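Undergrad: Which chain is which? The protein sequence lines are G and R, in order.
Following this note's numbering, the numbering of the first sequence begins with 91 at its first residue and continues without gaps.
Following this note's numbering, the numbering of the second sequence begins with 7 at its first residue and continues without gaps.
Everything labelled a hint here was simulated from the structure, so no lab data went into it.
Note that the coordinates shown come from a computational prediction; the quantities given were computed from them, not determined experimentally.
Hints are not guaranteed to be accurate.
Dumping the calculated DSSO-like pairs for lysine-lysine here, alpha-carbon to alpha-carbon at most 27 Å [stated by the list, open to error]:
| # | chain 1 | residue 1 | chain 2 | residue 2 |
| --- | --- | --- | --- | --- |
| 1 | R | K68 | G | K235 |
| 2 | R | K224 | R | K63 |
| 3 | R | K60 | R | K227 |
| 4 | R | K68 | R | K223 |
| 5 | G | K260 | G | K235 |
| 6 | G | K235 | R | K219 |
| 7 | G | K138 | G | K190 |
| 8 | G | K235 | R | K195 |
| 9 | R | K207 | R | K128 |
| 10 | G | K190 | R | K128 |
| 11 | R | K57 | G | K235 |
| 12 | R | K223 | G | K235 |
| 13 | R | K204 | R | K57 |
| 14 | R | K68 | R | K57 |
| 15 | R | K219 | R | K68 |
| 16 | G | K264 | G | K235 |
| 17 | R | K57 | R | K201 |
| 18 | R | K195 | R | K63 |
Residues from chain R that face chain G, not an exhaustive set, calculated with beta carbons under 7 Å [claimed, not checked]:
| # | residue |
| --- | --- |
| 19 | T97 |
| 20 | R99 |
| 21 | N155 |
| 22 | Y163 |
| 23 | I166 |
| 24 | N167 |
| 25 | D170 |
| 26 | E206 |
| 27 | I225 |
| 28 | K227 |
Idealized CB from N, CA, C, for every residue including glycine.
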Amino acid sequence: MKQLVEIIQNHFPINDIDLRKKSLAFISIHQNQAIPLLEWLKTTHGYKAFVLLTAVDWIEENRFQLTYLISNPDNFTELGVRVFIDREKAEMVSAHHLWKSIWVYQRELKEMFGINFPNSPRVNESFILEGWDTIPPYRRDFDTKQYSEETYFPRPGRSTNDPAKHMKSKLYPKD
Amino acid sequence: MKKDFDKDALSDMYKDKFLAPENEIRFVNAPDGSIIEVNPLDDYFCQERPKELKPRKGVVEKFLNWARAESLWVLGFGTGCGSIEIPPLSTPRFDMYRFGVQMRATPRQSNVFIISGYLSVKTLKRAIRSYEQMPSPKYIIALGSCTINGGMYWDSYNTINRLDHYLPVDVYIAGCMPRPEALLAGFGKLKELIKEGKAEKANEYIQNLDWYKANQKKIIKDWNMPDYNW
Chain G
91 MKQLVEIIQN
101 HFPINDIDLR
111 KKSLAFISIH
121 QNQAIPLLEW
131 LKTTHGYKAF
141 VLLTAVDWIE
151 ENRFQLTYLI
161 SNPDNFTELG
171 VRVFIDREKA
181 EMVSAHHLWK
191 SIWVYQRELK
201 EMFGINFPNS
211 PRVNESFILE
221 GWDTIPPYRR
231 DFDTKQYSEE
241 TYFPRPGRST
251 NDPAKHMKSK
261 LYPKD
Chain R
7 MKKDFDKDAL
17 SDMYKDKFLA
27 PENEIRFVNA
37 PDGSIIEVNP
47 LDDYFCQERP
57 KELKPRKGVV
67 EKFLNWARAE
77 SLWVLGFGTG
87 CGSIEIPPLS
97 TPRFDMYRFG
107 VQMRATPRQS
117 NVFIISGYLS
127 VKTLKRAIRS
137 YEQMPSPKYI
147 IALGSCTING
157 GMYWDSYNTI
167 NRLDHYLPVD
177 VYIAGCMPRP
187 EALLAGFGKL
197 KELIKEGKAE
207 KANEYIQNLD
217 WYKANQKKII
227 KDWNMPDYNW
């Protein structure tokens, strides 16, 4: 992986390099360079298998992290390409022309995080949350407990017991 | 794959945001050259309110209830993790057939609906539609603690907490998850209730239909189906 990262460094400006093990590394790159880098890796270095696309909400830093995990089936190595995008203007270039399966991930990210991928197929259709009308639920400023209590008729009388305390009071009531 | 990409352009064509394309008004050319307007919501679905199935009197009702209790046809609709507890019932070890319980493929053929675990809002919509298509008399068995108070998904943004606010429940089976033995005990309990004439929740659903519909529409925000699905 070290060699590959060095080759990438010669061609693309990489911000951050995280070598995990022999077969896994993470690099982060600017938003505009990410799709050309993925295309370049796919065509010239055999990273032709797309594994997943996921997002993390770094609310303190006011940005989203997108991770494209791609794999080389010839030498069994995986490379994660991280992209940081602004939280206020959450938009990323679609990569569905590289891997067909990626549009499903992009549609899910649009729904769960509100990250837009313009021109991605069916990106505006609802995926799991049909008719969702508040902020996307995977954003960290969304309060899931409050939403659930307001929406889903919580049954009164629900309580929790700490197992250790409960068993102590049951087994040794005098103590 | 190409077909899927074409659908992207379709999404702009939705006039009512939540009206499914197959339910839109369309015009069809008849063989004699005239043009017929087809409004699926009016033409294919019943617009009348449902009617109660009133119990008969005396021995007749007792006989009918005995017959109903000994022949429970379960809709094969697994909604949560509990659906994995249902297939063992048809194996020799648990063998639900000896109790007169069997699985059916469609709602029109079945009269017991097992809500097997948590229900997301998306699934609830399908569950309501399936339940309303089932012929009366019909019963609901709610499996697992998720249907009672939300279970471990009580604070989730997408799963309901109390099933009895949306669909009428005859028998609850508590547990997370209940074993197939518990399911058989639940069927036993349901049989008792039917034989005593107490499994009348389907009628209660019809009596309190407005309350149920208001609750359902509160959380199903893209209500793109008819109000009554029978």
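Undergrad: For each hint, tell me whether it holds in the structure or not.
TA: Against the structure, the hints:
The suggested pairing of K68 of chain R with K235 of chain G is violated, with an alpha-carbon distance near 47 Å, which exceeds 27 Å. A C-alpha spacing of about 39 Å is found between K224 of chain R and K63 of chain R, which places the hinted pair above 27 Å, so the restraint is violated. Proximity of K60 of chain R to K227 of chain R is assessed by CA-CA distance (about 33 Å); at most 27 Å being required, the pair is judged violated. Of the supplied pair hints, the one linking K68 of chain R and K223 of chain R is violated, its CA atoms being roughly 37 Å apart against a limit of 27 Å.
Proximity of K260 of chain G to K235 of chain G is assessed by CA-CA distance (about 31 Å); at most 27 Å being required, the pair is judged violated. Taking the CA atoms of K235 of chain G and K219 of chain R, the gap is about 24 Å. The hint holds against a cut of 27 Å. With a C-alpha separation of about 12 Å, the suggested pair K138 of chain G and K190 of chain G falls inside the 27 Å cut-off, and the hint holds. For the hint linking K235 of chain G to K195 of chain R, the alpha-carbon distance of about 35 Å lies beyond 27 Å, and the restraint is violated.
A hinted pair counts as satisfied when its Cα atoms are at most 27 Å apart, and K207 of chain R with K128 of chain R qualifies at roughly 24 Å. The suggested pairing of K190 of chain G with K128 of chain R holds, with an alpha-carbon distance near 26 Å, which does not exceed 27 Å. For the suggested pair K57 of chain R and K235 of chain G, the alpha carbons sit about 39 Å apart, so the restraint of at most 27 Å is broken. With a C-alpha separation of about 21 Å, the suggested pairing of K223 of chain R with K235 of chain G holds against the 27 Å cut-off.
Only pairs whose Cα atoms come within 27 Å are accepted, and K204 of chain R paired with K57 of chain R is accepted, the gap being roughly 18 Å. For the hint pairing K68 of chain R with K57 of chain R, the CA-to-CA distance comes to about 21 Å; that is within 27 Å, so the pair holds. For the hint pairing K219 of chain R with K68 of chain R, the CA-to-CA distance comes to about 32 Å; that exceeds 27 Å, so the pair is violated. Taken as a hint, the K264 of chain G and K235 of chain G pair is broken in the structure, with Cα atoms around 37 Å apart against an allowance of 27 Å.
Between K57 of chain R and K201 of chain R the alpha-carbon distance is near 22 Å, which keeps this suggested pair within the 27 Å criterion. Between K195 of chain R and K63 of chain R the CA atoms are separated by roughly 23 Å; this keeps the pair inside 27 Å, and the hint holds. Interface restraint check: T97 of chain R against chain G, minimum CB-CB distance 32 Å, threshold 7 Å, status violated. Because the smallest distance between the Cβ of R99 of chain R and any Cβ of chain G comes to about 33 Å, over 7 Å, the interface hint for this residue is violated.
Checking N155 of chain R against chain G by beta carbon gives a least distance of about 4 Å; that is within 7 Å, so the hint holds. A least Cβ separation of about 4 Å between Y163 of chain R and chain G falls short of the 7 Å threshold, and the interface hint therefore holds. With a cut of 7 Å, the hint placing I166 of chain R at the interface with chain G holds, because the nearest CB-to-CB distance is about 5 Å. For N167 of chain R, the suggested interface contact is upheld, since its CB lies about 4 Å from the closest CB of chain G, less than 7 Å.
At a threshold of 7 Å, the smallest CB-CB gap from D170 of chain R to chain G is about 9 Å, leaving the interface hint violated. The criterion of a C-beta within 7 Å of any C-beta in chain G is not met by E206 of chain R, whose closest approach is roughly 23 Å, and the hint is violated. With its C-beta approaching chain G no nearer than about 6 Å, I225 of chain R sits inside the 7 Å limit, and its interface hint holds. Below 7 Å, beta-carbon pairs count as interface contacts, and K227 of chain R has one with chain G at about 3 Å; its hint therefore holds.
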